[in-house]
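Asker: So the sequence lines, in the order shown, correspond to chains A and B. Position one of the first sequence corresponds to residue 1 (my numbering), numbered consecutively onward. Position one of the second sequence corresponds to residue 1 (my numbering), numbered consecutively onward.
Don't read these hints as lab results, they were simulated from the structure. Here the structure is a predicted model, which is why all the values come from computation and not from measurement. Heads up, the beta-carbon is just placed ideally off N, CA and C, and yes, glycines get one too. One thing to keep in mind: the hints can contain errors.
[As the list claims (entries may be wrong)] Just some of the chain B residues that point at chain A, by a computed CB distance under 8 Å:
no., residue
1, L64
2, S65
3, M67
4, I68
5, Y71
[Said to hold, decoys possible] Among the chain A residues that face chain B by a calculated CB cut under 8 Å, a handful are:
no., residue
6, P140
7, Q145
8, V234
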Amino acid sequence: MIKRIVIFLVLVMLAAIFLNLAANYSEKTSLSPLAHYYAEQGPAELGAANLVTAVVVTYRGLDTLGEVTVLFISAAGVGLLLRRTRRKADDEDLEKGDRAEETAGVHKPASEIVETATQLLLPMVILFGIYVFLNGHLSPGGGFQGGAIIASGTMFLLLALPESHISRLMVAMTESLSGFSYVVIGVLGVILAGGFLDNRIMGLGTYGSLFSAGAIPLIYVFVGLKVGFELSAVLDRFRKEDTGPL
Amino acid sequence: MMITLLTLLLCGGILISGLLAVQLDSMVSAVISAGLASLFAAVVYVVLAAPDVAMTEASIGSGLSTMIFLYAIRKTRDED
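Please work from the sequences and hints to get the whole structure.
Answerer: So, in structure tokens, the structure goes:
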């Protein structure tokens with residue numbers, strides 16, 4: 001009974017908050033001063049055709065670094081919780097028959113259609129991911145989106161060919177090297193340009209071309225690789241435990 | 001006008017799939033319908049001219065997290 005009352009009170013409070021928000025909502029007709037500055041000065045200052053990228057990577061670069069860190073911590077957490085040594089203790093708990101049944105189900109191969117389609121689509125998906133983060137300063141998308149697309153390519157791979165092996169060393173090396181390079185570029189910004197993660201450590205190039213916007217494409221390549229490999233590693237961890245000891 | 005209608009329709013889709021995710025008995029169906037809510041949200045973001053957010057929502061919200069949930073369900077199946 002008391003639980004219900006508490007739930008009811010929480011709901012009433014939430015309703016009050018959201019009602020307040022909805023009632024006071026009015027569409028903005030002009031940009032706030034800061035947004036105005038970004039919109040006016042962003043393209044000239046940073047040379048990025050996609051303003052969102054200019055804000056995310058440079059003006060708010062520290063936030064992006066924070067996001068990458070959060071993702072890193074969660075991937076590390078998954079790695080810690082699902083590490084393979086736990087397997088042995090688990091095996092003793094589970095009855096033998098149960099175990100065999102489970103692994104038998106896991107090893108059932110995917111249908112031929114799924115397999116063929118994956119073999120056909122996988123290179124394209126990966127290529128699209130790379131395209132998205134290379135063109136982050138020109139078109140919508142960027143490191144995070146490109147990385148997530150690459151990770152969904154990995155997902156295809158794991159679904160269609162459950163036996164495929166992903167080198168954990170390669171994943172770990174790429175991930176840590178790109179994370180490290182990202183921070184190094186940020187620090188270079190302090191030394192060579194106006195501040196941490198300033199993209200003007202390289203020439204701005206022609207506005208709107210692939211090699212423009214200073215270090216933004218470089219930063220996005222590193223963020224894309226890091227996110228892609230990190231998410232792939234998380235998926236791989238989840239699968240590995242299923243397929244039993246390897 | 002058309003845009004408003006489309007947005008409302010899509011938001012209805014988010015609501016319905018969200019409710020389904022809470023109400024459905026089968027865990028797998030609930031996860032799929034939570035992913036569906038994300039997919040609707042991604043389309044709403046496109047309609048509202050935020051393609052950057054839409055890409056993240058579509059790939060992470062409806063793709064990867066659904067997959068990770070499914071893996072997790074399979075792992076914890078016997079404890080449900």
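Asker: Hints first: check each against the structure and report whether it holds.
Answerer: Now the hints, each set against the structure:
1. Proximity of L64 (chain B) to chain A holds as hinted, the smallest CB-CB distance being about 6 Å (cut-off 8 Å).
2. The closest approach between the C-beta of S65 (chain B) and any C-beta of chain A is roughly 10 Å, which is over the 8 Å cut-off, so the hint fails.
3. Residue-level restraint check for M67 (chain B) holds (minimum Cβ-Cβ distance to chain A is 5 Å; threshold 8 Å).
4. Because the smallest distance between the Cβ of I68 (chain B) and any Cβ of chain A comes to about 6 Å, under 8 Å, the interface hint for this residue holds.
5. Below 8 Å, beta-carbon pairs count as interface contacts, and Y71 (chain B) has one with chain A at about 4 Å; its hint therefore holds.
6. Interface hint at P140 (chain A): satisfied, since its Cβ lies 4 Å from the closest Cβ of chain B, which is below the 8 Å cut-off.
7. Interface restraint check for Q145 (chain A): the shortest CB-CB distance to chain B comes to about 4 Å, inside 8 Å, so the restraint holds.
8. Proximity of V234 (chain A) to chain B holds as hinted, the smallest CB-CB distance being about 7 Å (cut-off 8 Å).
The structure does not agree with numbered hint 2 stated previously, though it agrees with all others.
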